[in-house]
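Participant: Protein sequences appear in the order of chains G and R.
Note that my numbering numbers the first sequence so that position 280 is 280, with each residue one more than the last.
Note that my numbering numbers the second sequence so that position 141 is 1141, with each residue one more than the last.
I should point out that these hints are in silico values taken from the structure, not numbers from a laboratory.
Warning: the hint list may mix true and false statements.
[Said to hold, decoys possible] Mimicking DSS-like on lysine-lysine, the simulated pairs with C-alpha atoms at most 25 Å apart in a straight line are:
| id | chain 1 | residue 1 | chain 2 | residue 2 |
| --- | --- | --- | --- | --- |
| 1 | G | 545 | R | 1047 |
| 2 | G | 495 | R | 1047 |
| 3 | G | 584 | G | 618 |
| 4 | R | 1047 | G | 500 |
| 5 | R | 1011 | R | 1023 |
| 6 | G | 252 | G | 6 |
| 7 | R | 1011 | G | 495 |
| 8 | R | 1078 | G | 398 |
| 9 | G | 500 | R | 1011 |
| 10 | G | 473 | G | 33 |
| 11 | R | 1047 | G | 503 |
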Amino acid sequence: MSLDAKIPQGPLAEKWSKHKFNLKLVNPANKRKYDVIVVGTGLAGASAAASLAELGYNVKAFCFQDSPRRAHSIAAQGGINAAKNYQNDGDSVYRLFYDTIKGGDYRAREGNVYRLAEVSVNIIDQCVAQGVPFAREYGGLLDNRSFGGSQVSRTFYARGQTGQQLLLGAYSALNRQIHKGKVKMYTRSEMLDVVTIDGHAKGIITRNLVTGEIDTHSGHAVLLCTGGYGNVFYLSTNAIGSNVTAAWRAHKRGAFFANPCYTQIHPTCIPVSGDHQSKLTLMSESLRNDGRVWAPKTVEVAAKLRKKELTADQVKEEDRDYFLERKYPSFGNLVPRDVASRNAKEMADEGRGVGTSGFAVFLDFADAIKRLGQEAVAAKYGNLFDMYYQITNEDPYKQPMRIYPAVHYTMGGLWVDYNLSTNVPGLYALGECNFSDHGANRLGASALMQGLSDGYFVIPYTLGDYLATIGPKPVDANHPAFAQTKKDVTDRIAKLLALKGTKTVNEYHRDLGHIMWEYCGMARTEEGLTKAKGMIQALRADFWKNAIVIGANEEVNASLERAGRVADFLELGELMVDDAQMRKESCGGHFRLESQTEEGEALRNDDVFAFVGAWEYKGDNQPEELHKETLEFEFVHLTQRSYK
Amino acid sequence: MNLTLKVWRQKDANSSGKMVSYKAENISPDMSFLEMLDVVNESLIHKGDEPIHFDHDCREGICGMCSLYINGRPHGPKRAITTCQLHMRSFHDGETITIEPWRAAAFPVIKDLAVDRSAFDRIQQAGGYVSVNTGGVPDANIIPIPKVIADEAFNSATCIGCGACVAACKNASAMLFVSAKVSQLGMLPQGQPERWSRVQSMVAQMDEEGFGNCTNTGACEAECPKEITLTNISRMNNDFFSAKLFREEKVHDHSGGGE
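Please take these sequences and the hints and turn them into a complete structure.
Facilitator: Structure representation (structure tokens):
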């Protein structure tokens, strides 16, 4: 099957406007004849559901949380990029486009990324109009700060909780449509399968997480806005409930899964403190605006710090290695995430890591506090400092933070074309759950931008084209495909509930996480990946024999919910390993030890690997088939990324 | 650390519940409170017993899903944090810890420690928004907003909708929550056109849901993990009475125009 990304022809800056004109429209009177299903209510889902309902479509929205406001977009801290150039510092749509393509290590589509940069400015306008309280200057205008991978200040923010404020904006727009009856909201509902009829997505199967009821819902189109799959690593900055199930079920119904090995390991997270740890907490990238990253120059000093014979502030200036500033003088502490993470790992590998485990480096604010005063630092980052203190019991105003990379975001996801349509007609993927715009590495403050771009400004146009094509004829909810898919779901639940072994689901998840982190984490090798594949297969087989699942279906059952999600992670993990093994180059967050420059930077192989790898499911325990979408670069010249 | 837990167990909304004691053994002071419960649940699962059900998600204090009433206080003994940010170093070895769900008629128990807070969603659906459609809005910098106003609106906007204010209140009043939402939009220029109808719609829905009234005890403010202040309630009262007495806007349907 050939993959057509449907990128419009013509000059970069005209692609999206021309495309919008060429898309078919649904007339206002006909819109109310269409039902659209939106799964997930984070930034992408809430903005899409609200915008489509405003247009007149009937929307059914679903989330597994108890309220749409709790979707994990809420936890994004730092900010959202937009090419407003309010700072007069040389920003432009083209520069945001260029930074994003380069930051993604030239593994994203030019057309998509340019559109993203183009609509970024509308997002800020929209959010302000909704009453999102962004940070402002004394003159009353919006404030900006810098993020990694760029040399301009284009990041809009709301203290350390930009995600919550943007989500509350989208949630309020959603609430307005719920009130008007244009959106029917289903909370505590988990999507467990997609229903396809004649190759088109026509509905979903959900489980009511309170009653256990398995419901079928029909619609003219299904939009998955279900986030990323970082929890395959067990420990990540994702919420405990974040999962791949919706996307994975869609994959097993025919949707291709693209670039699954592209995962983002965020450089500044609070280090792991012990085996009991259930999740990792991010310290926003914005901290690198003022914090300086360092490790001890020598192994000896590091050892003393680990044994607590020395505290960080006692380490003399000449014994410190501000390694990012040293190696990358022009970007300094603000290099992109993949580069910062790899360098921190290098420090730990050399024995220069700190903290009891040795898996940490310092993020130091002493200079910033000296320069700006503690009050100014607190005004900018107070809530992050408090959060750090709560978790570690250490005061970051007095001692530098200890930080270490952790899994944060997944650039891979369901393959979509320029219209955000998967290869299954009628099935769309928005936000982190698609693969599209970040290439092999996402720049900071770009996830919120993409989620809202997809939901507010792309899907309202592109979905209409599909709906106009298929026509408003009602979907036959009695089609046997619904009953059959529902049966598949109930059979699988029964199979899970029959598991009465000796090992908890959580233990399997943790084991999987260890395998993924060790062999498919920050550095990957042919040998390690081969080993990981075998280990995952064995773990999965054992899960289906030996896991313990408690209780029944017809009740609130967290044990069952967890089991279904982990079972899917156990399948996804193997595909990630396959993808990492196939891609014998390094690019962005995907670092193959066999492919690096003399200076240890990621070395791409554009002649062979300048493509999107989209995988097709071929049946349980069968190897998946790889489809390649070649990436054409007409406007940007591919170079070795340099942040020196 | 070794601890004794007294936990509220309730099968579902229709069953009656009871306190049940559990041992929590070999607990590290570095664990979060929820990680301590994870440990207890893992041992229950190994024994084939049903784990203790509680709501939780982000585990970094922002989603507002966690909701435990610990030793008689919402989110436990520490100020300005959620349960998921509470660490076991705040307790001592050998302590008995009582864990209950939020208690309020408007928050019925779903199972064990999880309650139904959909009333909060419905209050916001009644009017907690600015009626703008996607697209067609002016440039973000066209209306300057004084920094003090923007900052104060932000302070109100930090509410995470966890419901601790309701749980803390002897009247199970939702005034702090509702007033934070009303205040945020009431202070910003974008919220002015619907300011008076919004406050009426949201208060009407709040009453409809069965929350109690405010008697100025201030427990909500003391227990709010995001330190939302009582000033918000004054603002809401002011707007509410102002709307009722001096404004012409009525509350028909605060739905912001046609489709």
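Participant: Would you mind marking each hint as holding or not holding in the structure?
Facilitator: Structure-based check of each hint:
no.	hint	verdict
1	G/545 with R/1047	18 Å, holds
2	G/495 with R/1047	20 Å, holds
3	G/584 with G/618	23 Å, holds
4	R/1047 with G/500	11 Å, holds
5	R/1011 with R/1023	20 Å, holds
6	G/252 with G/6	24 Å, holds
7	R/1011 with G/495	23 Å, holds
8	R/1078 with G/398	22 Å, holds
9	G/500 with R/1011	21 Å, holds
10	G/473 with G/33	8 Å, holds
11	R/1047 with G/503	11 Å, holds
Comparing the model with each numbered hint stated earlier shows that all of them hold.
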